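Engineer: Here is how the chains run, residue by residue.
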Amino acid sequence: MKRILPVVLAVFLLAGCSPLIEQKDTITIWHWMTDRQDAFTRLAQQYEQKTGVKVRFELYAPSDIYSRKIVAAAQARALPDIFGILGEKKRLALFVESGFVADLTDEFEKNDALWEKSFFEKALNVNRFEPDNAYKVKPGIYGVPLDVTNIQMLYNEELFVKAGIKEPPETFDQFLENIAVLNRLGIDGFVSGWGENWMIDCFSSIYALNIMGEEKVMATYRGEVSYTDEDWIKVLSLFKTMRDHKALVPGIVTKGNKYAEQDFALGRAAFAFNGSWCVNVYDKMNPALQYKVMLPPRVDPDVPMQIWGGAGSSFVVNQTAGNRQRIIDFLKWLTGKEQQVFLSQETKNLPSNREALSEIPDVLLQFAKAMDITTHPSLWPYNESPLVTEAFCKGIQAIIIGEATPEKVATDVQRLKEREMKRERQ
Amino acid sequence: MAVSNYKWIRVVQSVFSHVFLIFVALTCLFPLLWMLRSSLMTNETIFIDKALIPQTLHFNNFYLAWTQGKFGVYFLNSIIYTASAVFAIIVIASLAAYAFSRLQFPGKNFFFYLFLAAMMIPLPGSFVPLVVLMNKLHLANTRIGYILCMINVGLSLSIYILKTFFDKMPSALEDAARIDGCSKLGIWFHVALPLARPAIAVVVIFNTLNIWNEYILATLLLNHEHLMPLQRGLMVYQGAYSVDYPMLMAGLSITAAPVVLVYLFMQKHIIKGLSEGATAG
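Here the protein sequences line up with chains A and B, keeping their order. Going by my numbering, the first sequence opens with residue 1162, and the numbers climb by one from there. Going by my numbering, the second sequence opens with residue 5, and the numbers climb by one from there.
It is worth saying that the hints were derived from the structure and are not from the lab. These numbers come from a predicted model, not from an experiment. Hints may contain errors.
Stated by the list, open to error - Simulated pairs of lysine-lysine, PhoX-like, Cα-Cα distance not exceeding 20 angstroms:
no., chain 1, residue 1, chain 2, residue 2
1, A, K1395, A, K1569
2, B, K54, A, K1419
3, A, K1453, A, K1530
4, B, K276, B, K172
5, A, K1323, A, K1395
6, B, K54, A, K1445
What the hints assert, rightly or not - To give an idea of the interface, some chain B residues facing chain A are shown, with a C-beta separation under 10 angstroms as derived from the structure:
no., residue
7, I50
8, L137
9, I220
10, L224
Note that the Cβ used here is the ideal one computed from N, Cα and C, for glycine as well.
Only chain A is shown next, with the shape it has when bound in the complex (with noise of 0.2 angstroms):
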């Protein structure tokens, strides 16, 4: 024991015992993006050499526990300089409403608003709190957005020589004309991670938009308009649609995003839905992979699509940070167009900043033509309650393995819709 004792004592102190020291000029980052590590180190040591400043990127992942690191943080007061808060908007506004975020507008006001005009305006919406917002937060913006993103439709090329198609598609019917051609030569028609709630959310919402219009959409989840309406049986109605032209890849309910995309990557399947997120996963499963972007095809001729889309990531500053200039003007310079480019370039993302576009690479900018017509829930006027999205997302999977029609579903959500209201008056 008189032996062991000491050699304890000595890993003990070797593990280091004492705290380490801060460097007080550091810019301290915490950020969840694994892929971007290496491209924000560079960075990091670019704007070193030209300032002087030192910047530290510190990566946690995965994302889930980066959230938890955050909140463990703000209730210790030590978060860092810049951070990035995930999830819904409502969380953002909680640690605006708590004093953990500071308020940026005034910087992107400066100079007739330079900094502010050289960003997508929907990309720096997702930060923003407009007056009068429900969530109660002083107007401004309170984030600076990095990348944007959007989620589009793709298809594979080869598959489209082989099958003698010309064109993507443009309209719904042009795309089940398509689907028969493809299934004639043994090739699968559409993929996508299905079995995310989320993803179906996406793509039947774009519809429901394409459809009825966002007035009628809203008013649904306003609770004027139910669910048993015309227009939401023939939303759901397209799955049934596709279920029955055999457009959809089998198991597409129990898929997530990653399966979906390595069957795109490998040639599984001719289209996919999926976000822009995907030149990078793609590139890596699979580099000879010969894709472009396409709109989802219209089920109304007449009416634009719309699709989901905005910042990516963003970064916040920490309102109790020290040194808030030197913060200002490391972020200015990281959202700069070289910078941005940099970061497409390397990470395969959609920079956030507009004038970047011009060097970026050529799927990314089929992407980026369309950041004007994207939308997105949290950018939206009211939000329909998750149990209400949760059983209408599973009411279509139920519809594309046949154990339900669009009607029974329409009818099934509306009574929870109804129950959820009730419970939401009183």
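Could you slot chain B onto chain A? The hints should help.
Structural biologist: Relative to the frame of chain A, chain B by itself:
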């Protein structure tokens, strides 16, 4: 004739049981083999090449994981955290368990049940208070802070396992040691600890696995990359959108190897400890 029949039945039973056990063993080994073969492939071939042994073996993945993936640094950290915390748990838990089992002191049962109650608190529920506490003590982002937390996490179950063993220790052994001039601490060290070797083996493997695989608390408490344990390396290969499977599998192989070795070295004690634990009480 009857003897011959009996032999045949034994042979058939033996064949069936061995085939069944081989099947079970294969189902246990298959994920490990799959992990190893995937670690020797590339991102392009991993989804295409279905063979158990890949056409081209990329041993470079292990080198890249060790150097670029910083598994070398993380590996050393995990060794330090696991060795220090497990050692401290053994010392503290065996002393406490011995006291709870053999000594009489006021509030003995109260404190023992308090330790048992600590086992009922789910670990994630204590994360935020731990982070706040460590920050207040200026121990956040230090190795010692993390080691202390992991000792705290492992103590309750270890005390419970060891107390169960000490309860069964014959008091005559203690009396003999006392006559030979042993102090209470001497009896613990020279008599109780050697007897509790199977239980200690169970405590070692439980805590080694727990600390070796721990990641959430490490992420919450530690901020610097060079303080992080092995699990961080694995998480980095699992992006939000894409996964670098070959590197992840190479990292997993590196991570799993020491635990497999610990188990192989201690399996006799572990089986004995578990079976004795099963019949205890």
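Engineer: Of all the hints given earlier, name the ones this structure violates by number, lowest first.
Structural biologist: Of the numbered hints given earlier, the structure breaks just one, which is hint 5.
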